[in-house]
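> One line per chain: the protein sequences are A and B, in this order. One gets our numbering by counting positions in the first sequence from 1 and adding 39 to each. One gets our numbering by counting positions in the second sequence from 1 and adding 38 to each.
Read the hints as simulated data drawn from the structure, not as lab findings. Careful: at least some of the hints might be erroneous.
Only pairs whose alpha carbons sit at most 20 Å apart, straight line, appear in this in silico SDA-like list of lysine to any residue [as the list claims (entries may be wrong)]:
no.	chain 1	residue 1	chain 2	residue 2
1	A	173	A	163
2	A	173	A	109
3	A	113	A	49
4	B	246	A	166
5	A	135	B	119
6	B	311	A	223
7	A	67	A	206
8	A	80	B	313
9	B	246	B	221
10	A	166	B	236
11	B	48	A	172
12	A	135	B	117
Over the 12 Å line for every Cβ pair with chain A, so calculated as not near, a few chain B residues [as the list claims (entries may be wrong)]:
no.	residue
13	95
14	101
15	104
16	142
17	208
18	213
19	217
20	224
21	313
22	319
23	327
24	338
We treat Cβ as the ideally placed atom computed from N, Cα and C, and that holds for glycine.
Now for the letters of each chain:
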Amino acid sequence: MKQLKIGILAYHGDVEEHLEAAKNAAKKLKQNIEVIPVRIKEDIINLAGLIIPGGESTTLYKLCQREGIFEQIKQVKNIFGTCAGAIMLAKTVDNKTPDQKTLELMDIEIDRNAYGRQNDSFETEIKTELGNIKAVFIRAPRIKSVGKNIKVLAKNQDEVIACEQRINGNYYLALCFHPELTTTIFHEYFIKKIAGTFNLILTLDS
Amino acid sequence: MYKNKFKQTKGTFRLKSGLAQMLKGGVIMDVTTAAQAKIAEEAGAVAVMALERVPSDIRAAGGVARMADPTRIIEIQQSVTIPVMAKCRIGHFVEAQVLQALEVDFIDESEVLTVADEQFHINKSEFTTPFVCGARDLGEALRRIEEGAAMIRTKGEAGSGNIVEATRHIRALQSGILELQNFLKRNNQKKLREKAVEYKVSIDLIRKVAKLGRLPVVNFAAGGIATPADAAFCMQLGVDGVFVGSGIFKSSSPTKMAKAIVDSVAHFSEPLKIAQASKNLGEAMVGQEISTLTTRLSQRGI
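With the hints as constraints, model all of the structure from the sequences given.
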């Protein structure tokens with residue numbers, strides 16, 4: 040069986056935390072998955088999935104654009120974005136800078152820094168489709184509305200904070216918080232979804 | 039069905055150090071006006087430091103340097119969407135309270151400003167806003183962390199345009215950590231305890247660093263970075279990101295220099311990319327030989 044390769048967009052943000060979380064998730068699922076940092080075009084070839092980390096979405100966009108990989112990223116079949124990564128996935132973004140673009144892959148409307156400045160950052164327990172976890176929101180974006188093809192995975196109060204979309208054989212997962220700082224369950228979930236896309240059967244032992 | 043009835047907590051150490059984690063691999067730029075802040079954001083800076091004067095001007099002006107005028111900070115906050123940091127004097131907890139009230143995203147308790155308390159740094163754990171502090175070696179870094187700093191940067195020599203001090207501090211920090219790792223490897227608890235006494239920090243923190251093999255918080259380089267190659271040099275030496283103070287807006291073309299430094303940090307291990315970024319930037323800021331400086335900012339607040 041060919042080894043699956045997952046990339047982490049590695050210009051900036053909490054890249055190491057995602058590398059670590061993805062590797063641990065693969066280990067838990069007993070999957071032999073290669074996790075690599077992604078910076079140049081060659082890194083994207085043959086990626087089964089891409090994770091876009093937390094950071095500043097304006098910076099992430101600019102660096103992708105300057106490197107000429109912005110359009111190429113859209114070819115990756117499975118993409119998982121946390122915080123800034125979720126902004127990168129959204130079709131509609133409020134409060135973006137004039138020169139900022141996003142991948143526009145997911146049918147969601149998201150508001151940058153909607154909870155306020157760092158003093159308003161918060162952590163809380165949340166109930167998700169995958170179980171209860173501690174969630175960390177750092178200058179987090181707010182998902183204002185979701186399209187009808189979006190499946191909601193978690194809410195905080197009445198707001199969507201985790202959701203997924205399967206479209207034309209592609210799979211996207213967007214989270215407003217940072218699972219990479221507290222848990223591997225979303226990384227495990229993403230790996231299972233990737234395996235699904237590639238028609239692989241994972242032997243799971245929980 | 040997913041309705042969340044759990045309580046929200048703010049200002050925890052995880053949130054404070056978490057913001058620093060999100061800044062990794064990025065460039066934080068000193069700015070003094072809204073126009074400069076916009077240039078920084080457009081270049082791809084991950085945050086800006088709002089100041090009245092960049093360090094080289096503070097150095098030239100002499101006298102007492104204090105926290106910036108709130109008007110200046112607010113103007114900069116309103117002009118960009120990325121995090122805004124601001125500096126307070128070492129030990130001056132009221133300046134820090136003011137900056138927290140202004141909702142800056144990070145407070146830099148900085149040796150670039152004049153020291154307000156020669157005995158105590160700010161008790162940073164009491165604040166909900168995260169703090170970054172300068173350090174020249176492992177002892178200084180650990181004292182600041184124990185006081186509640188959520189991020190460390192080298193002091194370097196701010197406003198000098200000379201990278202040598204930042205290099206010294208990065209290396210000193212690393213050799214300090216290596217020493218602790220070696221004590222732990224040989225299970226030399228006595229030496230570890232001695233280090234805790236020498237650094238004036240808890241043995242728990244010493245053991246944690248020895249085990250991790252790095253600081254428990256994000257560590258940036260600062261003080262003297264003037265070119266894309268300087269920035270990539272610090273990254274290759276092992277820091278998590280860079281602060282650029284006077285290096286951008288004291289160069290002959292700040293817009294180009296800002297973008298070039300961002301690009302070279304993002305691709306810090308690719309010499310060809312650094313070469314590309316370094317082309318046609320005009321004049322870098324004027325650098326100074328450290329031995330000719332009358333004021334050594336890095337010796338403030340140890």
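> Each hint: holds or not?
Hints versus structure:
| no. | hint | result |
| --- | --- | --- |
| 1 | A:173 with A:163 | holds (6 Å) |
| 2 | A:173 with A:109 | violated (32 Å) |
| 3 | A:113 with A:49 | holds (16 Å) |
| 4 | B:246 with A:166 | violated (32 Å) |
| 5 | A:135 with B:119 | holds (8 Å) |
| 6 | B:311 with A:223 | violated (34 Å) |
| 7 | A:67 with A:206 | violated (28 Å) |
| 8 | A:80 with B:313 | holds (19 Å) |
| 9 | B:246 with B:221 | holds (12 Å) |
| 10 | A:166 with B:236 | violated (46 Å) |
| 11 | B:48 with A:172 | holds (17 Å) |
| 12 | A:135 with B:117 | holds (12 Å) |
| 13 | 95 | holds (27 Å) |
| 14 | 101 | holds (31 Å) |
| 15 | 104 | holds (23 Å) |
| 16 | 142 | violated (8 Å) |
| 17 | 208 | holds (18 Å) |
| 18 | 213 | holds (22 Å) |
| 19 | 217 | holds (24 Å) |
| 20 | 224 | holds (28 Å) |
| 21 | 313 | holds (15 Å) |
| 22 | 319 | holds (16 Å) |
| 23 | 327 | holds (33 Å) |
| 24 | 338 | holds (26 Å) |
Violated hints for the displayed structure, listed by number in ascending order: 2, 4, 6, 7, 10 and 16.
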